[in-house]
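Colleague: Can you make the complete structure from the sequences, with help from the hints?
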Amino acid sequence: MLAIRNLNKRYGRFQAVSDLNLDISEGEIFGFVGPNGAGKTTTMKIICGLLRATSGEITLDGTDIIQNSKSIKEKIGYMPDFFGVYDDLKVSEYLEFYASIYNIKGQERKRITDDLLELVDLNSKREAYVDSLSRGMKQRLCLARSLVHNPRLLVLDEPASGMDPRARFEMKEILKNLKGMGKTIIISSHILSELAELCTSIGIIDQGRMVISGSNAEIMQQVYNKKVVKLKVTARLDDAVLILKEYPFVDKLVIGENTIQAGFKGGDGEMSRVLSGLISRGIPVVSFAQMDGNLEDVFMKVTRGEEEQWA
Amino acid sequence: MGINPVLLKELKVRMRGWRAAGIIALYLLVLTAVAVFIIYTVFTDPYTSSIDPQVSIGAYTGLAIIQFILIMFIVPALTAGAISGEREKQTLDLVLCTKLRPISIITGKLFASTSQTLLLIIASFPIFSMVFLFGGISIKEITQLFGFYMVTAVTIGSIGIFFSTHLKRTTASTVLTYGTLAFLAFGTIFIGVFYIRIFYQWDYEKFLPLLYSNPLAGFSSLLAEQFGYYGGINSFLGLSAGLGRNSNAVKAISPWLGNIIFDAVLSAVLLALSAARINPVRKGIFGFLRSGRRRKKASGN
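Which chain is which? The protein sequence lines are A and B, in order.
The numbers in this note's numbering rise by one with no breaks, and the one at position 100 of the first sequence is 100.
The numbers in this note's numbering rise by one with no breaks, and the one at position 69 of the second sequence is 1069.
Possibly wrong hints are sitting among the right ones.
Stated by the list, open to error - Quick list of in silico lysine-lysine cross-link-like pairs, DSSO-like style, CA-CA up to 30 Å:
hint : chain 1 : residue 1 : chain 2 : residue 2
1    : A       : K110      : B       : K1012
2    : B       : K1140     : A       : K125
3    : A       : K138      : B       : K1168
4    : B       : K1099     : A       : K125
5    : B       : K1099     : A       : K75
6    : A       : K105      : B       : K1099
7    : B       : K1089     : B       : K1012
8    : A       : K172      : B       : K1012
Stated by the list, open to error - Label pairs and their in silico Cβ distance ranges:
hint : chain 1 : residue 1 : chain 2 : residue 2 : range
9    : B       : F1125     : A       : D88       : 26 to 34 Å
10   : B       : M1015     : A       : G12       : 39 to 47 Å
11   : B       : I1261     : A       : K105      : 37 to 45 Å
12   : B       : K1168     : A       : N36       : 21 to 29 Å
Please keep in mind that the hints were generated in silico from the structure rather than gathered at the bench.
Cβ coordinates follow ideal geometry from the N, Cα and C atoms, glycine included.
Modeller: Below, the structure is given as structure tokens:
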């Protein structure tokens, strides 16, 4: 759906984005992760036609974004990381204003406004002035605004930044709803755990370069070159550890109270052999599953100067 | 094609609250005070008859001048923050990422402030209609005058919006808008006087085209043309006398018409530059040259 090829953005001598390549398929939730100043916002602004790229190409459904910015903007909804609101406008009028920009009129405009306020749980605030809303509510309203023309691609820049835990949870629930509606979403954050459970794939950007991208499992595989399996036993933890150490494709073990995390260099066949080995020797295994892994570790690992290994 | 959504939103927001009503009330209060003052002065003058048409011409010109000055002061305040204010409030990107074209955003902002000015002008109709009581003023003159007001308001608005798009801060934009107006109104006269006095160039017709850019010159020439070149307020700032007599340039085109043409061209240029400025993916002249060179190179390969 969205293809970015050799994207570069330079501000004077500063290279904000460097040879960035990315493919996002229809219905994908792509988590764009990176430390502050990594180039996430710049890339997102270029996708939304708010910045001109120095070089490179971005296509949406095969159509060049820069050459066809007006028609493309109808397909993209953008929520910036920092934004303001109009003082003297009510919540429903705010959405109606943006709907009117897309020539949505009359009853349809009213219906869309109602649906979006329902989606972001602001129905009770429809007659309130936008300026009087809390930060979390304003973020949700801004998300509703970005959906007003029913875009196929949503670009959300740090949608939960500055929110308290409750508001963060509510935002996550809304995003899950959007995922259920089949929207393609690019969502950025500098907090990886925020995105891990929501995204179908993740890209880690650092100093303007895409360090690594893929599904959570693929990233784990690329970074650690192994799978991580977590198993739980009801007894004989020490015996289980000794048995696991007998297998050459099992390396690092992290031992908990009655759990073990084991790194696997092999595939599904090797995992199956280990499980049957444990059971045949009478270890009471109650769960045995592959973990998504700790993406925070991955993030720290790939953004601390080891990118040449992953690029 | 519907009404510009930015214009609709701006009108709704601007007319909300006490501010809009306060501006209208204050505006009418000033005009009424001037009208009462003029009438009182005329009626208490033992040498003036109460049914003399000169009374209405005096009242008309007095009110016209005050209204013109008020417009020159109010319009910059309404427009100089149009875009810089959106930037300061971080709302500009939200509009720019929609399918709305930059020129629509600019014209929406301009017409919103012009509409507010138009409202002030319309609200002043009852005060102006007082001059009809004494005769001597026709609908044609009032229409010409109000048309001139609107053209001037659009031009000043365009200047305000131009600075508002090019400067980050509303304060700086407001200062430069008033500064530009001061230059057009007084700077151009100063240049003319400088030219005449320093270089002893008494054929001041040569600098008359410069005065086409002067809103005061245009305005006073309109009044002068409506009621003759001599007497009373017609020698406003001394400009109409200079513009009116023995001037070949004036014979070719009335200064107020010249001023309207200048205003139209200036507004079009400033609005186009403003729209280009807020277009986030604009190429700029160097960008066009670079991409042209790139295209040439590509076709050569």
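Colleague: Kindly indicate which numbered hints from before are broken by the structure, ordering the numbers from low to high.
Modeller: 2, 8
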